[in-house]
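Student: Generate the whole structure from the sequences, applying the supplied hints.
Chains A and B, in that order, are what the protein sequence lines are. Counting from 1, one number per residue, gives the positions in the first sequence under this note's numbering. Counting from 357, one number per residue, gives the positions in the second sequence under this note's numbering.
Check each hint, because a few of them may be wrong.
[Said to hold, decoys possible] Straight-line distance between alpha carbons at most 25 Å, and here's what the computed DMTMM-like set of lysine to aspartate or glutamate pairs gives:
1) A:K132 to B:D395
2) A:K154 to B:E383
3) A:K231 to A:D20
4) B:K410 to A:E297
[Unchecked claim] Residues on chain B that point at chain A, a partial pick, calculated with CB under 8 Å:
5) M357
6) S367
7) L388
8) V398
9) T401
10) L408
11) Y423
Rather than coming from a laboratory, the hints here were simulated on the basis of the structure. All C-beta atoms in this analysis are idealised placements derived from N, C-alpha and C, irrespective of residue type, glycine included.
Read off the chains here:
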Amino acid sequence: MNPTNTLMNISKQNTEKILDEIKKLAKSIGRETRLMGLCGTHSQTIAQYGLKNLLPRNIKLVAGPGCPVCVTAREDIDAVIGLALAGMPLAVYGDTLAVPGSTESLENARQKGADIKIIYSIKEALKEQKIKPDLVFFGVGFETTAPMTAWAIKQGLRVYSAHKFFPPAMAALLKNKKIKIDGLIDPGHVSAIIGESPYKKFEIPQVITGFEPEDVLMAVLMLLNQIAEGKRDLENEYGRVVKKNGNEKAVNLINEVFEQCDAEWRGIGLIKNSGMKIRKKYSACDAKIKYRRTIAEILSRTKTKKTACRCGEILQGLIEPNQCPLFKKICAPENPFGACMVSIEGTCNIEYKYAR
Amino acid sequence: MCLAIPGKIISIKKQNATVDFRGIKKEVDISLVSAKPGDYVVVHTGFAVGKLDKKSANESYKYFDEYIKTKHGKNT
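Tutor: Shown next, in the form of structure tokens:
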């Protein structure tokens, strides 16, 4: 049995009790209420257990930009594909492999003979670098994943950083007047690293929650209760993992190795101070500096194919996947047009697999 | 991508711990947490990024209990 389940001691009977309370609150609120999940892993829980179908009609769960693979800029994908095709050995996390760049994916490059190794732990990249000194690690991910990359940079790993800070994206979302959201389900494991304080400046009901279906339902209940009472608080339902101050060692590692820079989020655009750039002190490990001429040349010759893909709007909760003209017609997990269809945490991929 | 898997620490050698993930044992770096054998940790890309706190494990249910008490004046 999953220890999180055992420790939570929540049974099906309790789930039904939570749902009953949600129904009462939904009825008293009356109007349509939109709650945005900011974590790809939450989207998976919601789809896998069919939670959307259990909720009252006026309570909508929408997905936000919580999948780091999906928001990685096309340019970054193009650059690492170009490096790999120019003969640089690459180490990548598996979820980046099928993401389409402007003309192809890392998987296509691999089929053409590029040396691309899939790793599960950053330590495998360090081991690989001992055999292949030119190796570049493609660093993708939010605060959950970045501390390990920072740790490896301190050990001498060369990295192309596409890492991102998550709270600046939340600020950008909340500024966008087109996006109508009544409450946020904050990410669980990003929060395990950064703690509660970075969220406090956002004036909207928020709940940090875990990944069991009961956790997500509890977050819905807590948000609806705040909305019904007119509150805009930050609550933490995932206290068994997320501490108030997060993981200070991990945050210090990120700040020691990375500094903030503006970064492009695929489909969304430039978000100020949301990128993690390798600090000057570690520039010997920065692939963007070592290979800057090669990268500039790769990007200047890459032509982007225009598609009708609407991933950008999907990532901001503006439309649902079935409102995209490509969804399920020509865009499918085996033939993805946008990153949302590639990653197992992408909104379109999840919708494709689980929609009934 | 931010998926982190909970497992139980079996033994520790310097910064490396052997962690049991429902029967599968793996080596995990625990330099980012303070943990001892018997603790549950959540593991992401080969590192323990947080500890699963048994004391607050039932907090979510406690919240529900309190919620019911304030709303309906009774225990579940």
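Student: Could you run down the list of hints and mark each one as holding or not?
Tutor: Structure-based check of all given hints:
1. A distance of roughly 37 Å separates the Cα atoms of K132 (chain A) and D395 (chain B); the hinted pair therefore is violated under the 25 Å criterion.
2. With a C-alpha separation of about 21 Å, the suggested pairing of K154 (chain A) with E383 (chain B) holds against the 25 Å cut-off.
3. With a C-alpha separation of about 21 Å, the suggested pairing of K231 (chain A) with D20 (chain A) holds against the 25 Å cut-off.
4. Restraint check for K410 (chain B) and E297 (chain A): the C-alpha separation of about 54 Å exceeds 25 Å, so the hint is violated.
5. Hint status for M357 (chain B) relative to chain A: holds, with the closest Cβ pair at about 5 Å, below 8 Å.
6. The interface hint given for S367 (chain B) is violated, since its Cβ lies 17 Å from the closest Cβ of chain A, which is over the 8 Å cut-off.
7. The criterion of a C-beta within 8 Å of any C-beta in chain A is met by L388 (chain B), whose closest approach is roughly 5 Å, and the hint holds.
8. For V398 (chain B), the shortest C-beta to C-beta distance to chain A is roughly 6 Å, which falls under 8 Å, so the interface hint holds.
9. Taken as an interface hint, T401 (chain B) checks out: its beta carbon lies about 5 Å from the nearest beta carbon of chain A, inside 8 Å.
10. About 6 Å separates the beta-carbon of L408 (chain B) from the nearest beta-carbon of chain A, less than 8 Å, and the hint is met.
11. At a threshold of 8 Å, the smallest CB-CB gap from Y423 (chain B) to chain A is about 7 Å, leaving the interface hint in force.
Consistency with the previously given hints fails for numbers 1, 4, 6, ordered from lowest to highest.
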